[in-house]
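**Student:** Listed below are the residues making up each chain.
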Amino acid sequence: MSERKIRVLIAKPGLDGHDRGAKVVARALRDAGMEVIYTGLRQTPEMIAEAALQEDVDAVGLSILSGAHMALVPRVLELLKDNQQEHVKVFLGGIVPDEDVPVLLELGVIGIYGPGTLSETYVNDIRKAVLAVRA
Amino acid sequence: MTETDLAQAVLAGDRLALARTLSQVENGTAQGRVALSGLFGHTGNAHLVGVTGASGTGKSSLVNQLARSYRHPGDGKLPRQVAVVAVDPTSPFTGGAILGDRIRMRDLAGDPGVFIRSMATRGSLGGIASATAAVVQVLDAAGYEMILIETVGAGQSEVEIAHLAHTTVLVEAPGLGDDIQAIKAGILEIADVLVVNKADLPGVENTERALRGSLDLAHPMPHHFVHHGQLASIPAQDDKAEYPQPIWEPPILRTVAIEGTGITGLIEAITAHRLHLDASGGWELRERWRLQTELDILLTNRLVEGFRSRLPAGVYEQALEDLLGRRLSPFQVVDKLVDMVG
Numbered sequence: 037m038s039e040r041k042i043r044v045l046i047a048k049p050g051l052d053g054h055d056r057g058a059k060v061v062a063r064a065l066r067d068a069g070m071e072v073i074y075t076g077l078r079q080t081p082e083m084i085a086e087a088a089l090q091e092d093v094d095a096v097g098l099s100i101l102s103g104a105h106m107a108l109v110p111r112v113l114e115l116l117k118d119n120q121q122e123h124v125k126v127f128l129g130g131i132v133p134d135e136d137v138p139v140l141l142e143l144g145v146i147g148i149y150g151p152g153t154l155s156e157t158y159v160n161d162i163r164k165a166v167l168a169v170r171a
Numbered sequence: 004m005t006e007t008d009l010a011q012a013v014l015a016g017d018r019l020a021l022a023r024t025l026s027q028v029e030n031g032t033a034q035g036r037v038a039l040s041g042l043f044g045h046t047g048n049a050h051l052v053g054v055t056g057a058s059g060t061g062k063s064s065l066v067n068q069l070a071r072s073y074r075h076p077g078d079g080k081l082p083r084q085v086a087v088v089a090v091d092p093t094s095p096f097t098g099g100a101i102l103g104d105r106i107r108m109r110d111l112a113g114d115p116g117v118f119i120r121s122m123a124t125r126g127s128l129g130g131i132a133s134a135t136a137a138v139v140q141v142l143d144a145a146g147y148e149m150i151l152i153e154t155v156g157a158g159q160s161e162v163e164i165a166h167l168a169h170t171t172v173l174v175e176a177p178g179l180g181d182d183i184q185a186i187k188a189g190i191l192e193i194a195d196v197l198v199v200n201k202a203d204l205p206g207v208e209n210t211e212r213a214l215r216g217s218l219d220l221a222h223p224m225p226h227h228f229v230h231h232g233q234l235a236s237i238p239a240q241d242d243k244a245e246y247p248q249p250i251w252e253p254p255i256l257r258t259v260a261i262e263g264t265g266i267t268g269l270i271e272a273i274t275a276h277r278l279h280l281d282a283s284g285g286w287e288l289r290e291r292w293r294l295q296t297e298l299d300i301l302l303t304n305r306l307v308e309g310f311r312s313r314l315p316a317g318v319y320e321q322a323l324e325d326l327l328g329r330r331l332s333p334f335q336v337v338d339k340l341v342d343m344v345g
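Protein chains in written order, with the numbering used here: chain A, 37 to 171; chain B, 4 to 345.
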């Protein structure tokens with residue numbers, strides 16, 4: 037029937053309330069033809085993993101500006117794995133210091149997109165990563 | 004996992020299998036159809052409650068509160084298993100969608116007795132997606148007793164939810180238009196329960212009065228019976244029931260969803276409607292009506308597909324050209340095509 041849509045969860049874990057970036061990304065992914073489940077502010081890793089499971093998403097985007105990424109991201113990855121959702125691609129937006137980038141990529145994050153990233157960059161990365169899993 | 008395993012896992016309460024089955028069904032895949040066939044015999048137990056109304060009236064917040072109340076009923080009642088299907092619109096230009104109903108449903112996180120699924124309309128215009136009925140069947144088979152279906156922000160003619168739900172709740176809010184809106188045909192006629200949400204805002208009396216006025220007018224009119232009239236048509240052949248309340252009068256309730264005010268009353272109204280459907284024979288009629296709608300749609304699609312595959316190559320395209328060139332009318336084209344295949 038219809039082509040299979042790419043479904044992406046966009047969430048803001050942790051306590052900072054700056055969701056402008058998350059909304060811009062959500063909009064860009066929508067404009068790229070994806071279905072974006074937007075969950076809003078102050079999500080716990082548990083809430084994110086649960087939503088990712090119920091919504092059967094292909095990717096999860098986390099927006100973090102609080103500096104807590106080294107605690108939150110590994111936890112989300114771990115919970116996805118516990119739920120047998122290792123195939124779900126995780127990407128980050130927000131503020132991540134350079135020295136943390138290789139560590140997070142090593143953990144399995146597909147991309148880290150700071151302020152000023154062109155939307156086509158992450159749109160293409162996500163599409164490529166998701167289609168590779170499906171193939 | 005094979006498709007039959009998938010269905011078995013759904014019946015066994017495996018949430019991952021459920022989520023994947025919902026995707027297969029939503030995407031209309033062959034695996035989805037096989038799984039659905041394995042699950043269909045287990046459906047028919049859930050009470051399907053539609054929640055509809057204009058954008059910004061507070062549907063998602065109300066669904067959140069309803070689900071919470073069903074999970075924590077108090078009074079020594081047993082909590083119900085609750086599923087939420089929340090529909091948001093697909094962009095007609097890009098095919099993408101922002102599904103934002105979960106934002107208002109944070110209270111339900113972490114509860115294994117709740118399952119929330121967001122759906123995009125994917126081109127359907129009736130307020131729900133064409134796959135919503137099938138998605139609801141899967142959740143029904145999975146054992147969810149209350150299934151709350153939130154439509155897209157619906158204005159006037161998004162009435163398809165009435166074909167799917169047993170009970171349709173229409174949500175209004177103060178200040179959203181004059182009383183002529185209330186007497187237009189369409190969405191008001193499908194409501195089993197009317198809610199004026201945001202009842203702490205000024206103008207709530209006006210909204211309530213406009214709704215009440217239009218309902219009072221609607222009641223003695225035959226057109227109201229087209230929807231509820233299915234109930235009125237049974238007594239002749241069914242002598243067993245005393246109809247204590249053959250016609251359901253939609254109550255008008257006030258709520259403030261973000262504070263949880265009025266939710267108990269709304270739950271009571273939904274339960275009362277369920278009891279009314281049971282007592283009046285309306286439940287079976289709605290089931291029949293719903294399944295007939297679904298059957299007709301599936302049958303039409305299948306017949307059209309089969310028909311097209313039997314047309315010689317190029318004939319359909321040529322017929323379309325004849326239409327575009329105004330050489331034949333649509334009726335003539337259909338006659339010609341049908342004659343050709345026989």
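The set of hints was computed from the structure by calculation and includes no laboratory data.
Just so it is clear, the structure is predicted and the values come from calculations on it, not from any experiment.
A hint or two may mislead.
Derived contacts from chain B toward chain A, CB cut-off under 8 angstroms, selection only [unchecked claim]:
hint : residue
1    : 23
2    : 97
3    : 102
Virtual Cβ for every residue (Gly too), placed ideally from N, Cα, C.
**Student:** Which numbered hints does this structure break?
**Tutor:** Going through the list in order, the structure violates no hint and respects every one.
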